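Novice: Sequence:
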Amino acid sequence: MTDPIEQTNIVYVNRSDRKTKQWLHFKHTHPFSEIFCITGGTGSFLINDMETKVKKNDLVYISPQAEHTEISDYETPLEYFVIGISGFEIVHDSKPEIPYFKFNDNKREYTYYFYQSYEEFTHPRLNSIRILNNLVQTLFLIIEREQKITITAGRERKIDDDPAIQVIRHYIDINFKDELSLDKLATYFHMNKYHLSHRFKKSFGISPMKYWSNVKIENVKQLLALSNYSIIEIASLTGFSSQSYLSQTFKKETGMTPAEYRKNYRIK
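Residue numbers (the working numbering): 2 to 269.
What the hints contain is simulated information worked out from the structure, not anything from laboratory work.
Careful: at least some of the hints might be erroneous.
[Unchecked claim] The calculated DSS-like cross-link candidates involving lysine-lysine, where the alpha carbons are at most 27 Å apart (straight line), are:
#1 K56 to K108
#2 K54 to K108
#3 K28 to K56
#4 K185 to K202
#5 K54 to K103
#6 K194 to K54
#7 K185 to K253
#8 K149 to K202
#9 K203 to K178
#10 K252 to K178
#11 K149 to K57
#12 K28 to K252
#13 K149 to K211
#14 K149 to K185
#15 K56 to K178
#16 K178 to K194
[Claimed, not checked] FRET-style restraints, in silico, Cβ to Cβ:
#17 T77 to H196: 15 to 23 Å
#18 N107 to K264: 38 to 46 Å
#19 V168 to Q148: 44 to 52 Å
#20 S208 to P164: 31 to 39 Å
#21 T255 to N128: 45 to 53 Å
#22 I143 to K252: 47 to 55 Å
These numbers come from a predicted model, not from an experiment.
Idealized CB from N, CA, C, for every residue including glycine.
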């Protein structure tokens, strides 16, 4: 019988830190699992409308298709590594119905594997793919041994099976405030821009640039509803060149001005 962990497919290994300043993300799902290692800051995860606070040295595993978002504290934004993986899932033995679990790495025995995985993924060299697979598999084997979890084979799902496009979507999610373009994405991911756009739309039913615009607007909505930032500050935080351009784009997409949206949806 094949060991489920040997079926690991690593979709991406990413890092978010103070340099990226991506404090808010909108709710989204993945057809694969994610595991986060918090390396600094404070904040919370909202997973299927269940909120869990996180801090440095926490690890959070999120099951496939669980709707989630990361929300950082503004003064101490979250810093973390995240690995997207498919091929297997893990279930908490005492809470199998919960789509996530959190545990702490006070002894810092897991953190090393995230750092090294990130280096191998972002700076590929001879044998990097094999080393990366070994690092991630070892990480999960240690977690299985020391935490009350069970590793199972990934369930069959009607999902997009284009991992390269999943990586591009995730890149847009964490770099939404940058000035992105189809040409820039194509160059960064070494793809023909028309081929990239076609594959992206086939996977998600929307063009990459429209998806980027939606991510920006969703982040603006969250800042309007959750923060005390002024409209001009929100424009700067979300990558709009001016308050007027934000207001113009926001009204076109939502039918409301930012001020009207804040008045209607502000969470006090």
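Novice: Now tell me if each hint is right for this structure.
Specialist: Hint by hint, here is what the structure shows:
Distance restraint check for K56 and K108: the Cα-Cα separation of roughly 15 Å lies within the 27 Å cut-off, and the hinted pair is therefore satisfied. About 20 Å separates the Cα atoms of K54 and K108, which keeps this hinted pair within 27 Å; it holds. Under the criterion of a C-alpha separation no larger than 27 Å, the hint pairing K28 with K56 is consistent with the structure, at around 20 Å. Of the pairs offered as hints, the one joining K185 and K202 holds, with about 17 Å between alpha carbons and a cut-off of 27 Å not exceeded.
For a cut-off of 27 Å, the pair hint linking K54 to K103 stands: about 10 Å separates their Cα positions. With a C-alpha separation of about 40 Å, the suggested pairing of K194 with K54 is violated against the 27 Å cut-off. Between K185 and K253 the alpha-carbon distance is near 25 Å, which keeps this suggested pair within the 27 Å criterion. With a C-alpha separation of about 40 Å, the suggested pair K149 and K202 falls outside the 27 Å cut-off, and the hint is violated.
For the hint linking K203 to K178, the alpha-carbon distance of about 24 Å falls within 27 Å, and the restraint holds. Of the pairs offered as hints, the one joining K252 and K178 holds, with about 19 Å between alpha carbons and a cut-off of 27 Å not exceeded. Pair hint K149 plus K57 holds up; C-alpha atoms about 21 Å apart against a cutoff of 27 Å. The straight-line distance between the Cα atoms of K28 and K252 is roughly 21 Å, inside the 27 Å bound, and the hint therefore holds.
Distance hint between K149 and K211 is unfulfilled; the C-alpha atoms sit about 42 Å from each other, more than 27 Å. In summary, the hint linking K149 to K185 is not supported, as the alpha carbons are separated by about 44 Å, beyond the 27 Å threshold. Distance hint between K56 and K178 is fulfilled; the C-alpha atoms sit about 24 Å from each other, no more than 27 Å. For a cut-off of 27 Å, the pair hint linking K178 to K194 stands: about 21 Å separates their Cα positions.
At about 41 Å, the CB distance of T77 to H196 disagrees with the hint of 15 to 23 Å. Checked against the hint of 38 to 46 Å, the C-beta distance between N107 and K264 comes to roughly 44 Å, which is consistent with it. Checked against the given bound of 44 to 52 Å, the beta carbons of V168 and Q148, roughly 28 Å apart, lie outside it. For the pair S208 and P164, the beta carbons lie near 19 Å from each other, so the given range of 31 to 39 Å is not met.
The beta-carbon spacing between T255 and N128, approximately 49 Å, falls within the hinted interval of 45 to 53 Å. At about 51 Å, the CB distance of I143 to K252 agrees with the hint of 47 to 55 Å.
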